[in-house]
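Colleague: Now for the letters of each chain:
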Amino acid sequence: MDFFLQLLVNGICIGLLYGISAMGFVMIFKASSVINFAHGELLAIGAFFFLTLVTWAELPVYAAFLLTLVGSFALGFIVERLFLRPLIGEPLIEVIMLTVGLASMFKGIMLFIWGGNLHTFPDFLPESLTFQWGAINVPPVYVAALIIGFLFLTLFGLFFKYSSQGIFMRSVADNQSAALSLGVHVKRVFALSWGIAALVAAMSGIVLGIMNGINVHELSSIGLKVFPVVILGGLDSIGGAVIGGILIGLLETFTGGYLSTSLKDVLPYIVLVVILLVKPYGLFGLVEIERV
Amino acid sequence: MIKKPRLHPCGNFKERYEDELQVFSTDFGKLWSIIGIFLLFTLVPYMGGSYFLYIMNMMGIAAIAAVGLNILVGYTGQISLGHGAFLGVGAYAAAIFATRFGAPFWIAIPAAGLITAFVGLIFGLPSLRLKGLYLTISTLAGQFIIEYLLVHWEDMTRGTMGITLPAASILGINLAGDRSFFFVIYMSLAGLVWVAINLIRTKYGRAFIAIRDNDRAAAGMGIPIFRYKLLSFAISSCYAGLAGGLWAYYMISITSEPFNLLLSVEYIAMIIIGGLGSIAGSIYGAVFITLLNEGLRWGTDFLMNTSLFPEFGLTIAPIREFVFGLAIVLFILFEPKGLAEVWRIIRSSFKLWPFSY
Chain F
1 MDFFLQLLVN
11 GICIGLLYGI
21 SAMGFVMIFK
31 ASSVINFAHG
41 ELLAIGAFFF
51 LTLVTWAELP
61 VYAAFLLTLV
71 GSFALGFIVE
81 RLFLRPLIGE
91 PLIEVIMLTV
101 GLASMFKGIM
111 LFIWGGNLHT
121 FPDFLPESLT
131 FQWGAINVPP
141 VYVAALIIGF
151 LFLTLFGLFF
161 KYSSQGIFMR
171 SVADNQSAAL
181 SLGVHVKRVF
191 ALSWGIAALV
201 AAMSGIVLGI
211 MNGINVHELS
221 SIGLKVFPVV
231 ILGGLDSIGG
241 AVIGGILIGL
251 LETFTGGYLS
261 TSLKDVLPYI
271 VLVVILLVKP
281 YGLFGLVEIE
291 RV
Chain Y
1 MIKKPRLHPC
11 GNFKERYEDE
21 LQVFSTDFGK
31 LWSIIGIFLL
41 FTLVPYMGGS
51 YFLYIMNMMG
61 IAAIAAVGLN
71 ILVGYTGQIS
81 LGHGAFLGVG
91 AYAAAIFATR
101 FGAPFWIAIP
111 AAGLITAFVG
121 LIFGLPSLRL
131 KGLYLTISTL
141 AGQFIIEYLL
151 VHWEDMTRGT
161 MGITLPAASI
171 LGINLAGDRS
181 FFFVIYMSLA
191 GLVWVAINLI
201 RTKYGRAFIA
211 IRDNDRAAAG
221 MGIPIFRYKL
231 LSFAISSCYA
241 GLAGGLWAYY
251 MISITSEPFN
261 LLLSVEYIAM
271 IIIGGLGSIA
281 GSIYGAVFIT
291 LLNEGLRWGT
301 DFLMNTSLFP
311 EFGLTIAPIR
321 EFVFGLAIVL
331 FILFEPKGLA
341 EVWRIIRSSF
351 KLWPFSY
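If you read the protein sequences in the order shown, they are chains F and Y.
Going by the numbering used here, the first sequence opens with residue 1, and the numbers climb by one from there.
Going by the numbering used here, the second sequence opens with residue 1, and the numbers climb by one from there.
Accuracy of the hints is not assured; some may be wrong.
Stated by the list, open to error - The calculated EDC-like cross-link candidates involving lysine to aspartate or glutamate, where the alpha carbons are at most 16 angstroms apart (straight line), are:
#1 Y:Lys337 <-> F:Glu94
#2 Y:Lys351 <-> Y:Glu341
#3 Y:Lys4 <-> Y:Asp27
#4 Y:Lys203 <-> Y:Glu18
#5 Y:Lys337 <-> F:Glu90
#6 Y:Lys30 <-> Y:Asp19
Simulated from the structure, these hints should not be mistaken for lab results.
Nothing here was measured: the structure is a model prediction, and the numbers come from that model.
So that you can see chain Y by itself, here it is in the shape it has in the complex (with noise of 0.2 angstroms):
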C-alpha cells in the first residue's frame, strides 16, 4: 500500500503540537532534501577543478562555524563578538594536539570543539550578574583577550610563526587535497546542521526560544535562565571550535592573523544576512559572504589588472569592511530577516499564485 504523499495545505491547520514540531511539513520538502543530500555528495565533488573545490569548503566551514553563532544570537538572543577568535581557538587546540600531543584527527576535532565551549563559558559568566547587552561587551573582550593570547602565549601557539599541522587521516584513509576535505566537512556540516534542527526542537531549544523573546516570562515560566544561556554559549562556541579546527587541518598551516575582529563582524554579518533564528538561513547567508568576498576579490583584481582607474590605489580590505558594513546595514533596514524570509517570501508567492491574497 501507497501512503498517501502529504502536500502543502492552503492554511494553517496545525491542532496538535506535534504538527508544530515537525521538520519537514510535507513529503516534498523530505524528498528534495533527500535528493539534494545525495547530489550534494556524488555530483558536486566532481564539477569542478581544485579553485571550486577550496571555495565549496570554505562555504562548508563557515556554514558550521555561522550555524552555530545563529543558536547563540537567532535563537538566544545574545549577541557575541568573539566568534571569530573563538574560530582561532579551535584552530589551535587542533593544531596542539596534533603537533604536541600527536592525537589523530579524529580525536584533535572534537577535543577543538570541546576545548573552545570551556573557553567560551569562561567569558559567558558575566552573564551570570546581568542580562541584555554585557555578554556583547563580554565577547568585544574576550576577542581581544585571545587574539593577544595566541600571539604573546608563544610557548603554545608559536607566537607569529604559526604551527604547521600534519596530514589528517581517518581509518587509515590520507584525507590529503580538496577533493577528500570536501567530504569531510560536508559530512560535519551535514551532521551539525543535524543536531542544531533536533536541539532547537527540544526542551533546551524552546527555553533558549523563549529567552529570546522575553526573558522575564522566561524566569517565570521557571527556566533557569543563566544555566540556559551558558548552555547556549557553550554550544554556540563548539560549533566554532569545531570549525576552526576544520579550518586548521585544511589550511594546514595557521597563524593568528585571520582570527581579527573582522572575522567576527563577518559572521555577524553572516547570520543577519542569512537569517537570525534560522538554521537554513545561516547556510545562506555563509554562502553569501563566501561568494560576495570572493567576487570583491575577482573585481578589485580585474580593476587593478586593466588599469581603467590607475589613480586609485585599489586595495581590497577597505572595499571589503564597506561591502559587509552596507549588507548588514541594508539587510537590518530592509529585511530583517533575511535571505530566509526572502526565500519564503518566493515559495509562498508560488504556492499561492495566481490568488495570492
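So here's chain F without its partners, still in its complex pose (with noise of 0.2 angstroms):
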C-alpha cells in the first residue's frame, strides 16, 4: 500500500513536470500552429544556462535564475527573429521541418560545449519544502514543481483569456491571414510566444535537471515525451496539457514500479497511437469540424 501511494505520489510530481515542459510546446502552438520538434533542446539549453551560472561563474541562486529566464527569453526572441520570422506565410510543413532542423543544430552545439555527460546542480532548495505524510515522503523539488506549475497555470490561463497580447496570439493560431488583415502585430505575436516558451522551457528543465541530474540526450529526449503529453491533454489546451502530463507521469511511473522499466520510455508512445485513433483530439482539444 505504502508503494502504492509513494509511487502514485511520484506519478503525480514527475507528471505535473511532464505537463510544466509541455505548456511552453502548447504556447508555441496555440500562437503560431507550429509544432516545435526543438523544445527539448530549449530546455536543456536553459537548464545548462543555469549550471553555468551557477557552479561556473559563482553567482547567487535567485541571480543565476532571473538571469536564465532573461537569457532564455533572448533566445526565443533570437530564434524566432533569425529562423522563423523568414518563413511567415510560407507553408507550414517547411516551418516543422525547419524546427527539426534547430533541435539537431542546438542539440551538437550543446554536446559540443558541455559533452554528454550527467552535471548535478549543488543543492540549494530548502529543506522545509519537504512534505511529510504519513509514509509518504515528499521530496522539495517536487513541492517546487507543484508550485511553479499551478502558478504558470494560472498566469497562462489569464494571459490567454483576458489580455489583448493573449487573444492576438490565439487569432493569429486561428487564422493567419485574417489576423494579419485585421491588424494583428503577427511578427510581435510570434516573438513574444517563442520568447515565452523558451522562458518556460528554460524553467522546466531547471526543475527537471534538479531533479534527475542534467544530460542533454535526457532533456532533449523529455521535449519528445512532450507529444504523448499533449496529444492527450489536447494540443492546444494548457490545462489539458498539465493533466495529459500528470496521466502519463502516472502511467509511467506505474509500469516502471510494477511491470519493467524498459517498456516504461515507449508506453507513452503506445498511448499516442492509440489516442490518435480513438479520441484525435485529445481529452481538452478543440474539436476542428473538418474530416479532410
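Got two chains here, each in a separate frame; can you build the complex from them with the hints?
Modeller: Spelled out as C-alpha cells, the structure:
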C-alpha cells in the first residue's frame, strides 16, 4: 500500500513536470500552430545556462535563476527573429522541418560545449519544502514543481483569456492571414510566444535538472515526450497539457514500478498512437469539424 | 529517314497535356540519361577500390530510401519522422526471412518491402481521423515503438546481439563483395526511380500532388484523400523496406543501433537539401549527405591525428548533428526547393545566355 501511494505521489509530481514542459510547447502551437520539435533542446539549454551561471560564474541562486529566465527569453526571441520570421506565410511543413533542423543544431552545440555527461546542480532548495505525510515522503523539488506548475497554469490561463496579447496570439493561431488583415502584429506575436515558450522551457529544464541531473540526451528526449502529453491533453489546451502530463507521469511510474522499466519509456508513445486513433483531439482539445 | 531531334524551345509552348507529362522534354535529355546509365554500369564500378565502392553503395541505398520519402513528403505533403525506423524494419524483415525461413535473396528483399509497407500502414492509420501534422507525431511515436521492438522482441530480433545474414546469391551467382553489390543496388535504384517517376505521372501521382497542394480542393474533386494518403505512406515505407533489406544484406550483420531518430532526421535532411517534390533531387540529397558524412569523418580524424587542437576531445557525433541541422535550416531559409532547383537555375542560365531576360 505504501509502495502504491509513493508511486502515486511520484507519478503526479513527475507528471506535473511533464505538464509544465508541455506548456511552452502548447504556447507556441496556440500562437502559431507550429509543432516545435526543438522544445527539448530549449529545455536543455535553459538548464545548462543555469548550471553554468551557478557553478562556473558562482552567482547566487536567485540571480542565476533570474538571469536564466531573461537569457532564455532572449534566446527564444533571437531564434524567432533569425529563423522563423523569414518563414511567415510559408507552408507549415517548412516551418516544422525547420524546427527539426534547429533541434539537431542545438543538440550538436550543447554536446560540443558541455559534453554528453551527467551534470548535477548543487543542492539549494530549502529543506523546509519537504512534505511528509505518513509514510509518504515528497522531496522539496516536487513541491517546487507543484508550486511552479500551478502558478504558471493560472498565469497562462488568465493571459490567454483576458490580455490583448493573448487574444492576438489565439487569433494568429486560428487564421494567420485573417489576423494579419485585421491589423494584428503577427511578427510581434510570434516573437513574444517564442520568447515565453523558451522561458517556460528553461524553467522546467531547471526543475527537471534538479530532479534527475542534467544530460543533453535525457533532457532533449523529454522534449519528445511532450508529444504524448499534449496529444492526450489536446494540442491547444494548456490545462489539458498539465492533466495529460499527470496522466502520462502516473502511467510511467506505475509501469516502471509494477511491470518493467524498459517498457516505461515506450508506453507513452503507444498511448499516443491509440489516442490518435480513438480520440484524436485529446481530452480537452478544440474539436475542429473538418475531416479532410 | 532521321527524326529531327527536339531541342529546348525558347519558352513554354506546351499545347497538350501529354506534353506536360513527358519525362524527357528533349531528345538530348534522353540521350544523356542513356549515356549516364551506360557509364554508371560499365565505368563507375571499376573506377576505384573497395572504399570508393562502399561509399557508392551507401549512396545508392540512401537514394532508394530518399526517393521513397520524397514521394510521401515532397509529393503528398505528409511529414514522416520514422523513416529511419522503417529502414530498420526492412533490414530486420530481410534478415529474419533469410535466417529463419531460409528465403533466398530475391524473395527476402521484396518480402521486406511488403512487410515494411504493412507496418507503415499501421502508423499511417491516424490520418484516418485527422489532417495535417498528426501523421508527423504518429510517425515519431512509430520511430520509438519500432526501436523498442527491435531491441526487446528478442525471440524475433535477437535483441542487442543482432543478426548475421547468409551470403546473397541470385540465380546461382554469388553476390559477395562490394562490386557485385554495386550492380544489385544500382539496378534496384534504377528500377525504383523508373517506377517513382512514372508513378508521379499516373492518376495516383497526380492525386498525391493535389492532396499536397490543397486537400480541401482535392476532396472536392472527388479524390478519396484518406485512401491516397495511406497509399502514399505504404509506397514510401515499401521503398524504405527495400533499402533496409539491401542494407542488411550488404552489411552482412545488423543491429538495431543505426536505425534511430538521427537517421530519420538525416533522411529528412536529404530530401530538403536535394529538393522536395523532385525525384532527381532525392538522389542529389542522398549523394550530398553521404559525402558530407564521409567528409566529416575525414575531418574529425584529421583534426584528432594532427593534434592541432589537443584540448578539444573531438568526436564526430555532435559535429554531425550540428552540420545536419545547419544544412536543413540553411536550405529551408535560402533555397527551399533544394539542389534540384539550384541545378535548374544553372541550366537555364546557360540556356538563356547571353540574353537572360
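Colleague: Hint numbers the structure violates, sorted upward?
Modeller: none
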